[in-house]
Amino acid sequence: MQPLSSRTHLALLAAVVAAAMLPALVPDYYVQFAAKVLILGTLAMALNLAVGFGGLVSLCHAAFFGLAGYVLVLAAPEYDAPSLLLTLPLAVGVTVLVALVIGVLSLRTRGVYFIMVTLAFGEMLFFLFHDTPIGGGSDGLFLYVKPVLAFGETILLDLDNPVTFYLVALLMTAGCWWFIRHLLSTPFGDALTAARDNERRALALGIPVFRVRLIAFVVSAALAGLAGYLSAAQFGFVAPQMLGWHLSATALVMVVLGGTRRVAGPLAGAFVVTGLEEVLKYFIDDWKLVYGLIVIALVLVAPGGLQDLARLAGLGRRASTPALKLKEANNVG
Amino acid sequence: MSADILEARGLGKRFGGLAACSDVSLSVREGEIHAVIGPNGAGKSTLINLLSGDLRPTDGTILLDGRDVTASGPHQRCQGGIGRSYQKTTIFPERTVFDNARLAAQATRPGALAMRCDGKRRAAVREAALAALAEVGLEGRADTPARAMSHGEQRQLEVAMVLATAPRLVLLDEPLAGMGHAEARRMTGLIASLKAGRGVLLVEHDMDAVFAIADRLTVMADGKVIASGTVEAVRRDPVVRAAYLGEAEEVA
Ligand SMILES: Nc1ncnc2c1ncn2[C@@H]1O[C@H](COP(=O)(O)OP(=O)(O)OP(=O)(O)O)[C@@H](O)[C@H]1O
Ligand SMILES: [Mg+2]
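So the sequence lines, in the order shown, correspond to chains A and B. Read in order, the letters of the first sequence correspond to residues 41 to 373 in our numbering. Read in order, the letters of the second sequence correspond to residues 2 to 253 in our numbering.
The following block holds chain B by itself, in its conformation from the complex (with noise of 0.2 Å):
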């Protein structure tokens, strides 16, 4: 069984008088897809926002590769191999796709902040940043601007900035939300084959995906964790279904 990647002891985060996560302990290793579900409101983007260091918690500690990165900010965390995308697509729309993913790759290489030109160095950052492009079937649309692309394919765009950064970790906030059928499909084969060589923690509604893709499965409400394991042993748990599941199927 390979390491973690990360680990979270007993995270909690107040807004207020609002515990929008609180007491949450969960692992992703690499190699796997840890899917995090749970109704609206319940704390998952909080968490993935703690995972990043977009937020800072009110409580526990985040070790990534067993160093405590509590403290560290986001921009150091994404230097120490996380990755992320929000659930409100956020790139840069008034570049173009491949300035976009040029942008990530050249923020996590050698010379990030360089101050003269380099030829070389440029070569590099421009393969990276169409490698990723290639990686998520964006190679086609580089010289775009971002926001005259589709809703779905900015999702991609915001996927494929994250591996231009070449991290380790990859934490995904509700990647298919709004995307057609054939995109969404497209899109969890993806991220299936992202977990080689790293670890996913995948925040997603669409229970299809998460139950095709997921290796292991934490279910959230109100905050709390309210049950994790495999797939097949939280689909059974019958809090879960009585919670969350339970009522989804009914929508559905």
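Chain A on its own, in the form it takes in the complex (with noise of 0.2 Å):
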């Protein structure tokens, strides 16, 4: 990609003003709504940098995502605010270290095999979370006091506050977009692309490929655990379902509706998801079967979406190496 323009940086600029307005103008259960969308946005653009850019399809990011949220309220001290200043590192750096473990165990896989791995992954972390005490259980945990980050005795922020929490929650999604696009414009999102297109080629020209995805499958873990961290942090309450595979498939959906070649995509993707969600909650009660149609109907029309998916998962006509090259070649790095 190219180089953020000045006026790439404006567009921005004037959306996060135009959305920052929104407080102003709709009800507190809105900007709630509004806030949830910008997290779960996050959350998928932050799997899209694997996905789509790195052509990793994962299916354990919601693990990440939850597991931020967990170390939140494991650190958060019971009665007391606890200091954003120091819980949101601590989230999103217990975040990196378990997604370098599972990177560098998954990562030589390819494929479907891919997939599988991760899936399994998650799936463990959900069962650590599930299954023992640590969490409390199937349960879950509440977060009785939000996050602050206050400056001695002054209160900077205080994420009970549901617009500063919108307005957070708004910097962090217009910040992860900045930052996505911007590593795309780098020679590091070239590496990582050339790698998604051909992993022979970019081996031969000298590009570490095993290195360059483990790093983008980190970063975009540590992204997706800055959202699962906000996310925490608004319904103050986490169970393990945050960690499964469900939410994990949920926002691989977000991404195919959303389309996998734009940064922002994902957003839209997260928008359409979560808003149906809400209506049709409103209008049906059985909305669970309905929502699950659409979301079928809505994935098999979205244009691109899935042959996208499929091509980046190495299932269509169009992989480029042989799997058994491949896996030759693999042997070597």
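Just to be clear, a hint being listed does not mean it is correct.
Stated by the list, open to error - Per label pair, the in silico range of CB-to-CB distance:
no., chain 1, residue 1, chain 2, residue 2, range
1, B, Arg15, A, Ala289, 25 to 31 Å
2, B, Asp60, A, Gly151, 29 to 35 Å
3, A, Ala58, B, Pro146, 33 to 39 Å
4, A, Gly151, B, Asp69, 30 to 36 Å
5, B, Asp144, A, Pro117, 58 to 64 Å
6, A, Pro43, B, Arg237, 47 to 53 Å
7, A, Gly151, B, Arg117, 30 to 36 Å
8, B, Ala125, A, Phe277, 33 to 39 Å
9, B, Ala115, A, Asp200, 37 to 43 Å
10, A, Ala54, B, Lys121, 46 to 52 Å
11, A, Ala58, B, Ala115, 20 to 26 Å
12, B, Pro146, A, Ala289, 44 to 50 Å
Claimed, not checked - Here chain B is said to cover these stretches of chain A; the calculated rule only asks that three of the stretch's residues, wherever they fall, bring their Cβ under 8 Å from a Cβ of chain B:
no., segment
13, 182-193
14, 241-254
Rather than coming from a laboratory, the hints here were simulated on the basis of the structure. Even glycine gets a Cβ: it sits at the ideal position worked out from N, Cα and C.
Both chains come to you apart, so use the hints to assemble them.
Laid out in structure tokens, this is it:
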């Protein structure tokens, strides 16, 4: 991608300013809904860094999302407000370490195997919190007081305030978009997409594909963790479902619906999926069945979305390297 | 006589029961074109894959500038100065010609994985990419999507990408395959010019081109080297005439 131009920056700034007006225009309920969309949109954009730009179709990103949320709740003092400055780096740091381990172990595989291995790791984390008492088991844990950013006695940011929370989520989303967009315009981004398009050629050009993918996977997990931290802070609650494959798959649906080629695409996908859920919940009692059917229909008609995913997972006919040779090539790296 | 850039000793590669390469020893010096010929399935591409690191040998060692690189991966060998082209054109078809060359130039220069944009570095990479395109005669096609080019031009682009990585050893796997007569002549001239300051290992079926530009010739059959030496000596070798050249001349 081209480096970010000042026009892109202006457009981003305008979008953020416009979005920041929302709390002045609509009731709190919608502000909270918008914050939820931003958080899930960030998760989906983070996932798409791996899926769309790295060609790494991961099914464990909810685990990173949920893990960071759990770290926030576990690290929070019971009756005091947790410090944003302490708990956020801790939550993202733990996520990074876990992603590093999962990445090192799973990035040796390709295509469907990568999907399966990441799914397995995600479920391991799910069961770690579901079946052991560390995170309150299947009931999950409450976060009684929301994180604050305090300087001495002065509270600069209190995430308990829905408007403040929304603005923080907005900032995170915009920052995330900018960061991914920037990353893709650097030599690192070139190396990542080159490895996605043709691993053999990338290696033969001197690109350390494994390292590049590992870094991208970890960065993508860190951004997912950032979103998960805010999600736990928004709802004041974490449960194992937050780490499960169901949310991973939902995030993947957002990516497919929004398109894998644009950085902001998955954000639109998050809006569609979350909005649909919201509307159906309101009008229909047994909304889940209808929701599922509509999502399937949307995914099937999404322009190019599914083909893109299949291609990225190496399932399409356009997979550029015969599996056998690829396996051989990987023995070396 | 200049030193060996690359030396392979007793290289072997088995695919299950099939010995695609066995006990292959050869060297490439700076300033020479070392051609490898042989019938289909002789193991020429396998040899290139072993030298570039795309495949790992079952036996033998590979020395690059006297250093053992047998265990290092393809990206490390590229960083060490080995550039290669593939028998089946391997480029980035969805990107422009310039972008293909740019990726190649960028990957082997300082800041290859930088997460910052740096105008100076970008300019240097751009210059190297354009120089490589100019060397193969594609400077006018910089903005064309690679997939929109003719087969011959795509082969030229692949060579430009190899050159953009600033290699000291170039491995070419049938660079003339599928090219028209004029294109092939142009490419032959280009390959001949590559040996200045570099070593070239050329796998090629086009005997006229090989005899015109090769300094040394190795003949393979069934994974083994059956003859090696100067072009003249190999041409006179009765084993070679029987096994390969005679047959080729009859066909031609
Ligand atoms: N990845 C692989 N797996 C199994 N067998 C292979 C593989 N690659 C090559 N072979 C076999 O090894 C032998 C040598 O193949 P190679 O491609 O090296 O021949 P070549 O000399 O390049 O032939 P050509 O002139 O047709 O390109 C062939 O019998 C081929 O079928
Ligand atoms: Mg071959």
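Hint check results:
For the hinted restraint 25 to 31 Å between Arg15/B and Ala289/A, the CB-CB distance of approximately 42 Å leaves it violated. Between Asp60/B and Gly151/A the beta carbon distance is about 31 Å. The supplied range of 29 to 35 Å therefore holds. With their beta carbons about 36 Å apart, Ala58/A and Pro146/B fall inside the hinted range of 33 to 39 Å. For the pair Gly151/A and Asp69/B, the supplied restraint of 30 to 36 Å holds, since their beta-carbon distance comes to about 33 Å.
Taking the beta carbon of each, Asp144/B and Pro117/A are about 60 Å apart, inside 58 to 64 Å as hinted. Range check, Pro43/A to Arg237/B: about 60 Å between beta-carbon atoms, so the 47 to 53 Å window is missed. The supplied range of 30 to 36 Å is met by Gly151/A and Arg117/B, whose beta-carbon atoms lie about 32 Å from each other. Remark: the range hint 33 to 39 Å for Ala125/B to Phe277/A is contradicted by a beta-carbon distance near 53 Å.
Roughly 40 Å separates the CB atoms of Ala115/B and Asp200/A, a value that falls within the hinted 37 to 43 Å. In this structure the supplied range 46 to 52 Å is violated for Ala54/A paired with Lys121/B, their Cβ-Cβ distance being about 31 Å. Judged by the Cβ atoms, the range 20 to 26 Å given for Ala58/A and Ala115/B is violated: they are separated by roughly 33 Å. A beta carbon spacing of about 34 Å between Pro146/B and Ala289/A contradicts the range 44 to 50 Å that was offered as a hint.
Under the rule that three or more residues need a Cβ within less than 8 Å of chain B, the assignment of the segment 182-193 of chain A is violated, with 0 such residues. Residues of the segment 241-254 of chain A with a Cβ under 8 Å from some Cβ of chain B number 11, which satisfies the need for three, so the listed coverage holds.
Of the numbered hints stated above, those contradicted by the structure are hints 1, 6, 8, 10, 11, 12 and 13, listed in ascending order.
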